[in-house]
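Residue numbers (this note's numbering), protein chains in the order written: chain A, 64 to 674; chain B, 64 to 674.
Don't take each hint at face value.
[Claimed, not checked] Here are some chain B residues pointing at chain A (derived, C-beta under 10 Å): (1) D526; (2) R559; (3) A562; (4) L563; (5) F586.
[Claimed, not checked] Under the rule of at most 35 Å between Cα atoms (straight-line distance), these lysine-lysine pairs were calculated in the DSBU-like manner: (6) K452(B) to K317(A); (7) K452(B) to K363(A); (8) K94(B) to K620(A); (9) K363(A) to K94(B); (10) K460(A) to K595(B); (11) K595(B) to K317(A); (12) K620(A) to K231(A).
These are calculated hints, taken from the structure and not from any lab test. Glycine residues also receive a C-beta, built at the ideal position from the N, C-alpha and C atoms.
2 protein chains.
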Amino acid sequence: MPVPLVKESDVDVLVIGAGPAGLMCANGLAKAGIIVRIIDQRSSKTLHLSHEVMAGQADGIQPRTIEVLQSYGLAERLLREGNQMHMAAFYNPSQNGGIERTGRVADIKATTARYPFAVTLHQGAIEALFLDSMASMGISVDRPIVPTSLQLSADKTELYDPNRHPAKVTLMHLNAKEGQAETEIVHAKFVVGADGAHSWVRKTLGIAMDGEQTDFVWGVVDIVPDTDFPDIRNKSAIHSNNGSCMVIPREGDKVRIYVQLTDKEDVDLRDGRIDKAKIGPEKLMQVARKSFYPYSISTKAFDWWTIYNIGQRVASKFSVDERVFIAGDACHTHSPKAGQGMNASMNDTHNLIWKLAYVLRGWSDISLLKTYELERRKYAQELISFDKKFSALFSGKPRSENHEKGVSHEEFLEAFQSFGGFTSGIGVHYAPSAIVNTNHQSHASNLVIGQRVLPHVFTRAADGRPYELQDLLPADTRFKILVFAGDTTNKDQMQRINALAEGFVHPNNFYAQFGGEEPSTMFDVLTICSAKKDQVNYTDLPAVFRTHWSKVLLDDKDMFERAGGQGYESYGIDPVGGALVIVRPDGYVGMVAPFECVGDLGQYFGSFMKT
Amino acid sequence: MPVPLVKESDVDVLVIGAGPAGLMCANGLAKAGIIVRIIDQRSSKTLHLSHEVMAGQADGIQPRTIEVLQSYGLAERLLREGNQMHMAAFYNPSQNGGIERTGRVADIKATTARYPFAVTLHQGAIEALFLDSMASMGISVDRPIVPTSLQLSADKTELYDPNRHPAKVTLMHLNAKEGQAETEIVHAKFVVGADGAHSWVRKTLGIAMDGEQTDFVWGVVDIVPDTDFPDIRNKSAIHSNNGSCMVIPREGDKVRIYVQLTDKEDVDLRDGRIDKAKIGPEKLMQVARKSFYPYSISTKAFDWWTIYNIGQRVASKFSVDERVFIAGDACHTHSPKAGQGMNASMNDTHNLIWKLAYVLRGWSDISLLKTYELERRKYAQELISFDKKFSALFSGKPRSENHEKGVSHEEFLEAFQSFGGFTSGIGVHYAPSAIVNTNHQSHASNLVIGQRVLPHVFTRAADGRPYELQDLLPADTRFKILVFAGDTTNKDQMQRINALAEGFVHPNNFYAQFGGEEPSTMFDVLTICSAKKDQVNYTDLPAVFRTHWSKVLLDDKDMFERAGGQGYESYGIDPVGGALVIVRPDGYVGMVAPFECVGDLGQYFGSFMKT
């Protein structure tokens, strides 16, 4: 039969790979109204059959990632379906030859976390959050498809014009029926390679991975355990004289157990090769049982198992010409024990989505996209350096009479807790750049510029309903202008507020300059007064600071005093004079300014926006 | 064409009427595995076309009703879709001839409410919660169908045998196509008439309504207002010298306004007749505008409007032979201003569901069903008496120089707040009966027997996750046995716990006597220790008190000290010696007992259960 002509099509963004990074990207772009296509090499059938694979990948959703998912409206279902890890337990060698508990602490050491726990849920269920959200917008993953060639135009004019399609990608349909085209050509404005640790996109672009293999070899089993171990539903770190284990409770009654393998018979540590014939889940359970003693642990069946010796590597660059990007495992690989893999991946593309949208809408110059590598590569490097320290501590022998240089419980605990800001994702801190301007930090001293907005409950002026501020900062690609109006019962301050409002609507001000005729497409203005709910009428504020009755908040407790209050204090803002805070579309603080420096906002937006 | 033979069928429960009371009933019975059929006279098409009608009915979901919906897994969506009323504002005549605000308070004065606010949402959306839940079980409303005859067997043997079908109901299909049967006959074990204020079931049974019409005539409009009134998003009670108004904010930007009509031209107060030709929404807005002065209020369109002069009546009985029941508006009518209608209705059938299930399963004697009227008729009478006081106060002239006997702000506010337990539904208190045994109240002095279980957060022993206790008491028709185990670090107490456990599993104990071979089908045992999370291993408790790792709770704060702790104190239970608390399937406390009186539980269950 004659093969049809090769089909060619245009797309704004082609996402290659439908794991968590790729799905976050496609869903976010679609929500932003960008024309996006996402492909994956796995067929739906394979996906269905490979439940074990899906069950096995990735570990937990960390507190910051839950916040991010919430900003896309996806956290509610995650929290309903997943297991929450609140408590961590530590076991060390006891006098009697077995192990004993040396402490229980909060799993997450990040006091500002809105969700102070990690959620464990199999990767298929997490991907389903995105797939269902995308389906509601009429978008699905094209599969099974693999890219076979990728060419990027060398023409600088084409590369700098966001309306052009400089990336030409050839795709092969793996399940093409007879008479159907096996290949097609896609012309994309941008390509995102979210195609995993063995990324075809990365290799095709010739991007090197910097870093090395580790010496530590671990086995993993997913089981429904039968055990008398009292911390089986906690994240438990077991250091015994018979090896180390880590317990990660999962959804339902499932538990994941990581077992360190030190037996040279099974594993050749010099070149990291593992003889899979010599080892199996039964063997891993044998090793685990030794560490658990005097507690017993067994299972009727194995849900999934594997053995790994992972590299700790970061890609040397994250993009080529700001036209093709790599994200997720394609640009960083590390051990899964810290449970960061899926989190780092989703946060990579969360960082990229709004930037792509701004460039594609013609609002920003293409150079805005340089901040993706700047922000996310630095983070990936910190992740690897954290992972090295943590893995070494975890794999070290416990301190004992025979091992005076071993790792003590105190050492491990201190490291565990001091890493909290990192493992929770809460401490992620983007460096100064066009979109992170730290000039006026002192005016909101605790809203760290470059970090995500601290969660806090404020009470809505119009109806006394308490709201978590983060819920009013959805990932809708808009910049949020938080007008901390100060004390609106103070006449002088009301004069300042009215003056500020006049400035806001002046044609020379950033609000009109960059917001255009409909500033609400780019800006969402929220006003937060320090006065109390019996004193404030939202109707007293200037119109630009209350574009809808829901846009005025108070730093006051709710009617039952269950939440709210002291937000100005928590954020480090003057409760009389107030301040302006710019929140980026991804929820990170971009800039702070006192009322008097409202002009500086024009410079901030001018540094990456077109007027 | 020949008309087919009349179709006859059997059903466990026939529910007539698919408003909130009927839907709550059918959904709950279906969840309990009962064969239920629900019919309604409105066609789907009518439902669709009569958006105005749906929008207009019913006012708000009160705190206790939200708790009940949560116990069926339906509250999350309600909270997402509805408007929350947190704040109430009061306006009274000012010196300048208009009105001024005299105060803002919490809308709900019920400090133990889990959800301290009412939710406003149109009735169609509330019905959709049930319809979607039923659809997931394969059940839908048969419509448009009306019952045309109802006969109940006079045979006592048949009436007392729950396996028989003593009710014969003839149904007429209103939209039957040619050649299809227009009538059918249903033989039901039980019939629930939830067919509204003009209930056909009630009239057919010849049940009288006791009570009277009021003198007060009110108009209602649903609008999206354009106004400078600063409390338009609060529940606002306006007493002006130009009439009274009540503002109820609704979902989106909608607001409902109640306007008292005193103009004798429009309304003949002697016989309560209203000339609808003389009045319309514009006129109602005119009246409202007078009360609102000096604030302005207008609208572009009317979503819905009506005028009413409601009766305050209660049915003389709620059932005939415990085989046919009436529920909801069919047995009580009252003014809508207190926002009780839909709440009373749904709570009627919530009370009935588990009782019907127990009788139909052969677990309980049919006499259990007598407690439905006992509990719900008393409540309905209290509701009417509350409504009378509240309506009179609300309709009274405000106190002023010319009206020294008028209602002062303080009087109104005091009444508003003292009614809080009632309007919130939190204070509902069922009288002693077979299922409300108050003998040992002192052992849990604040868990009032006959009231719903106080919400409180406990921390799960196995994993440190905080849980609202109410969420562990779902409406799954099981009795919950709360074993407040006391201080499990105390050796003497552990001996008492172990002794109690031995007693539990003894064949003469209530647990085996009434629970049979699989006690978990009737009982859910939750154990709550007063010891702290670093001290308790859930594995130390006797097996019957931890049938699953999730069944052991601690009276301790969560890992971040954000919730939990002091539960024993709140409930008035001895933190060393503990107590046993029986929670009915509908969430109301049925009995309390000290460990030593575990035998009394046998008497409690024996009074309404078969062994």
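Compare the structure with the hints numbered earlier in the document and write down the numbers of the violated ones, lowest to highest.
-> When the structure is compared with the hints, numbers 2, 3, 4, 5, 6, 7, 8, 12 turn out to be violated.
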